[in-house]
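Novice: All chains should be modelled from the sequences, with the hints used to inform the complete structure.
Going line by line, the protein sequences match chains A and B.
Each residue of the first sequence is one higher than the one before, starting from 1 at the first, in this note's numbering.
Each residue of the second sequence is one higher than the one before, starting from 1 at the first, in this note's numbering.
Be aware that a few hints might be false.
As the list claims (entries may be wrong) - SDA-like cross-link-like pairs, simulated, lysine to any residue; straight-line CA separation at most 25 angstroms:
1. K47(B) to A40(A)
2. K155(A) to P190(B)
3. K225(B) to W327(B)
4. K80(B) to R54(A)
5. K295(A) to D219(A)
6. K340(B) to P190(B)
7. K80(B) to L48(B)
8. K243(A) to L61(B)
9. K47(B) to T149(A)
10. K47(B) to T248(A)
11. K224(B) to F45(B)
12. K193(B) to D127(A)
13. K47(B) to E188(A)
14. K263(B) to G347(B)
15. K243(A) to E282(A)
16. K47(B) to L161(A)
17. K47(B) to R271(A)
18. K193(B) to L161(A)
19. K155(A) to L48(B)
20. K155(A) to L109(B)
21. K47(B) to V33(A)
22. K155(A) to L113(A)
23. K225(B) to L29(A)
24. K105(A) to D127(A)
25. K155(A) to F45(B)
26. K155(A) to L109(A)
27. K105(A) to V33(A)
28. K47(B) to R359(A)
29. K263(B) to R192(A)
Rather than coming from a laboratory, the hints here were simulated on the basis of the structure.
This structure is a prediction, so every number in the text was calculated from the model and none was measured.
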Amino acid sequence: MPFANGSSLFVNVIAASVALFALLAVSLLVALVVVRSRNAVLRRRRARLTSAWRAVFTTAYTGAPEPDPLPRIRRADWFTVLQLFVQFHDIRDKDRPRANEVFPKLDALARRLRLDDYALSLLHRGDDADKILALNALGHLRDPRAFDTAERLAKNDGPELSRAAAHCALRTEPEFIARVLELVGAREEWIRSRIEMMLREVDPHRLDRAMLGAIADADDAGRTRLLDFVRFCTPSTARAISKAVIETTNDVEVVAAALRSLAPLAGPDDREIALAFSRNAEAVVALSALRVLRKCVRYDDRDLLVELTANRDYWVRLRAAEVVVELYGETGLAQEFADLHPDRYARDAVRQALAERRRMQLRRERADRRAGAKSAGG
Amino acid sequence: MTHALHQAWDATIYAIEYFLFAYFLIVNGYYVFTGAVALVRLPWFVKLHLTDPVRRSNSTLDQPVSMLVPAFNEREIIVKSLESMLSLDYANFEVIVINDGSSDDTLELLDEAFELEPYQGIYRVEIPTAEVIEIYQSAIYPELKVIDKKNGGKGDALNAGINLARFPLLFSADADSYYHRQTLQWMTEPFQKDRRTVVVGGAIAVGLPERDKNGGQFQTELPKKLIQRFQVLEYLRAFLATRMGFAPMNALGIVSGACGLWKRDILVACGGFRADTIWEDMEMTLRVHNFCINTGRPYRIDFTPYPVCWTDVPGSLQVLYNQRKGWHRHMSECMMIHRKLLFGNGGFFSWVTMPYLFIFEWLAPVVIVFGTIFTIVTAAVGIVDWAAQVWLLGLVFVLAIMSSVVSILLDEISFTAYRLSSVWALLVATVLENFGYRQFVLAANFMGLVAWLTHQPIRGSTKYPGFFVQAWTPKRRE
Chain A
1 MPFANGSSLF VNVIAASVAL FALLAVSLLV ALVVVRSRNA VLRRRRARLT SAWRAVFTTA
61 YTGAPEPDPL PRIRRADWFT VLQLFVQFHD IRDKDRPRAN EVFPKLDALA RRLRLDDYAL
121 SLLHRGDDAD KILALNALGH LRDPRAFDTA ERLAKNDGPE LSRAAAHCAL RTEPEFIARV
181 LELVGAREEW IRSRIEMMLR EVDPHRLDRA MLGAIADADD AGRTRLLDFV RFCTPSTARA
241 ISKAVIETTN DVEVVAAALR SLAPLAGPDD REIALAFSRN AEAVVALSAL RVLRKCVRYD
301 DRDLLVELTA NRDYWVRLRA AEVVVELYGE TGLAQEFADL HPDRYARDAV RQALAERRRM
361 QLRRERADRR AGAKSAGG
Chain B
1 MTHALHQAWD ATIYAIEYFL FAYFLIVNGY YVFTGAVALV RLPWFVKLHL TDPVRRSNST
61 LDQPVSMLVP AFNEREIIVK SLESMLSLDY ANFEVIVIND GSSDDTLELL DEAFELEPYQ
121 GIYRVEIPTA EVIEIYQSAI YPELKVIDKK NGGKGDALNA GINLARFPLL FSADADSYYH
181 RQTLQWMTEP FQKDRRTVVV GGAIAVGLPE RDKNGGQFQT ELPKKLIQRF QVLEYLRAFL
241 ATRMGFAPMN ALGIVSGACG LWKRDILVAC GGFRADTIWE DMEMTLRVHN FCINTGRPYR
301 IDFTPYPVCW TDVPGSLQVL YNQRKGWHRH MSECMMIHRK LLFGNGGFFS WVTMPYLFIF
361 EWLAPVVIVF GTIFTIVTAA VGIVDWAAQV WLLGLVFVLA IMSSVVSILL DEISFTAYRL
421 SSVWALLVAT VLENFGYRQF VLAANFMGLV AWLTHQPIRG STKYPGFFVQ AWTPKRRE
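Specialist: Below, the structure is given as structure tokens:
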């Protein structure tokens, strides 16, 4: 029996295992000490470097003279400086109006430092994360040398790398927007808020042309996805695209997406569409149609609203109640509408919508107070 | 006859020895596997985080989130905690506090700090709960709502929050935890990357977060007490090694109740959190797996390794004992409720995670206690060799220390949550925890199992006023 005999093979194996794992534990410990010490050194050095170079890049914003001479960049420091340059391009809201004045200075400084050459080498030899940083930097610099690689990497399987590559290609070649939209339609895993950042940088008229083509060529899933970004086109084109899609498709999800994209731009002309779809059996369509109706509702629609606030779907009831509150505003008629409604769920929905309206008002007032206090404080 | 009996006895001892040894090998195999996956994936995550950081500006396309904060006698901490939650950096979110029948003045403090007034909207009961007494809304923070209800437990409180929540994503938070400003930005991204995502768990660090000298990265101050440092090691092992290892295979067995982002529709479809189990997070995670596997709904339960939540841990043996006893009792409940998931049709989850949870977590106290007694008795009567047992014990200790060192290394190569000086203190703890602490936790787990078998309630407090209470001194009432 292996456990019973102290000299058996088993005990020897266990003893050897203890020795082996003890050695491994010690190796890991040494690795930990090495990594820890290295990290500590790197962090201190990085803090010094960041502080020095932050002062340099800040001059693009403040207009102050650059330090002379500029801090030295050692071989190991390039990555951090490049990272800092990209961060400085991630402009704060309050500086956004000054982008045209600030960015050329920042980019000129980067070129003088030859950050573009370093980014290019990183693009060709680095791992995915290195490539993303390089693409971000080269995109900001509108460096045409990056375009071919960026175009190729936009097809990469990795969502982060392909999106960064598409963004870089778009920055260096604005006509790439057509391909970007094609990818937006196809790449479900691209994060929407980051696509938003990308599209906000595009000239809306250029986006209009590309969006028209992309919507026409996309399949239903792609169209549904693209319609979320129609809002970044010019309002007239966004409206035209949304209405055209509504007229030409039968797919429930696509119709709902088109109605959603139409909603922020809707006006009296869209009332017919809103009325036609707000009784749709599919809740997702009815909900989107009610968003449109909210923008163009009239007193004549009261009967429809009486019906929809008593809909069996909770969210349809609520959305219809929001339309009621939008229609009657602060007049107290919304409360009267609720009081007279025979359905108790409809009454609840209107109460909820009124509470929500009040909440939003409070939120706006609070934001205004904050803004007022900020401006008063200088 | 005697010979035959002797042979049978030998064979039994032999079989038990091999079972215990195989158990030991397999459980360590799991640790090696999850540790290796984490060692490969974490550096990649970290570098990506550095080069492709979460955007600074809030997007209009971000999905809105309802944060649910159950509160039971949280007077010391609730106001500061909510102030930190209300200042999270996210475009559209609401915070719903559920005062679950507190017997202290939690509600009065909330009223004083946030000027509560009756909520005029409706409360829609999709999931039945204990009686809701009143719902309030803050006059100064419109995104803050407070539900005052009769006590029904944390799961019941969360269900009341689900009923009131308006948004498609629900964040389950703890009143006694602190959250990074970008928590919601980080945790909502997996939902955008993969539409199948139904739950995202976040990493939790133990300690008090402080900004480093440059005002950038958060650094965590290590708790002073040794018992808390042992728990730091446990959290590192659980979050950086185990969860990071299981998550890529869509095989997470638990999303922590203090830091989980759930799709509302899946929670409602599953019937909400159970109010009759002692805790709620593991049961809900397993139920989501169960629901999706049985209905054929494609799903992902993801994990984000960014340290987004800081929490406190028990500082006394009594509270720790109660907590661990309760945890193991909850695990017992979960294993029984979801036993059909074990070797079921859930793929990797059913065949790897569930056996791990069932055999190597849930039954571990029984096997280890039995194994220890067996070894001592058989060695004492001379059936097995003492030297062999000592070597085995040595191997157990070495592997335990190694797994802790790997966890500290994972922290070091990832987000370096703890200061330089903390690492040395943690390394000392990796050795010391093997002499008393692990055995204490094992005993508490064993008693949790006994409590479940005998239907005993968990008595005594599991609350532990700690660093957050010290750091966030409550406002003095007039």
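Novice: Now look at each hint and say whether the structure bears it out.
Specialist: Going down the list of hints, with the structure as the test:
1. K47(B) to A40(A): With Cα atoms ~17 angstroms apart, K47(B) and A40(A) stay inside 25 angstroms; holds.
2. K155(A) to P190(B): 21 angstroms, holds
3. K225(B) to W327(B): 22 angstroms, holds
4. K80(B) to R54(A): 33 angstroms, violated
5. K295(A) to D219(A): Distance of about 29 angstroms is beyond 25 angstroms: violated.
6. K340(B) to P190(B): Violated, at roughly 29 angstroms.
7. K80(B) to L48(B): Roughly 33 angstroms separates the two Cα atoms, so the pair is violated.
8. K243(A) to L61(B): Holds: K243(A) and L61(B) sit about 21 angstroms apart, inside 25 angstroms.
9. K47(B) to T149(A): Measuring from Cα to Cα gives roughly 21 angstroms; hence the hint holds.
10. K47(B) to T248(A): 46 angstroms, violated
11. K224(B) to F45(B): 30 angstroms, violated
12. K193(B) to D127(A): 21 angstroms, holds
13. K47(B) to E188(A): 23 angstroms, holds
14. K263(B) to G347(B): Roughly 23 angstroms between the alpha carbons, so the hint for K263(B) and G347(B) holds.
15. K243(A) to E282(A): With a Cα-Cα distance of about 19 angstroms, the restraint between K243(A) and E282(A) holds, given a limit of 25 angstroms.
16. K47(B) to L161(A): 13 angstroms, holds
17. K47(B) to R271(A): 51 angstroms, violated
18. K193(B) to L161(A): 13 angstroms, holds
19. K155(A) to L48(B): Distance ~19 angstroms between K155(A) and L48(B) Cα, so the pair holds.
20. K155(A) to L109(B): Roughly 55 angstroms between the alpha carbons, so the hint for K155(A) and L109(B) is violated.
21. K47(B) to V33(A): Answer holds: K47(B) to V33(A) is near 21 angstroms, not above 25 angstroms.
22. K155(A) to L113(A): Violated, at roughly 31 angstroms.
23. K225(B) to L29(A): Status holds; Cα separation ~23 angstroms.
24. K105(A) to D127(A): Judged against 25 angstroms, a Cα distance of about 30 angstroms means the pair is violated.
25. K155(A) to F45(B): 21 angstroms, holds
26. K155(A) to L109(A): Given that 25 angstroms is the threshold and the Cα spacing comes to 32 angstroms, the pair is violated.
27. K105(A) to V33(A): Violated: K105(A) and V33(A) sit about 43 angstroms apart, past 25 angstroms.
28. K47(B) to R359(A): 41 angstroms, violated
29. K263(B) to R192(A): Distance of about 18 angstroms is within 25 angstroms: holds.
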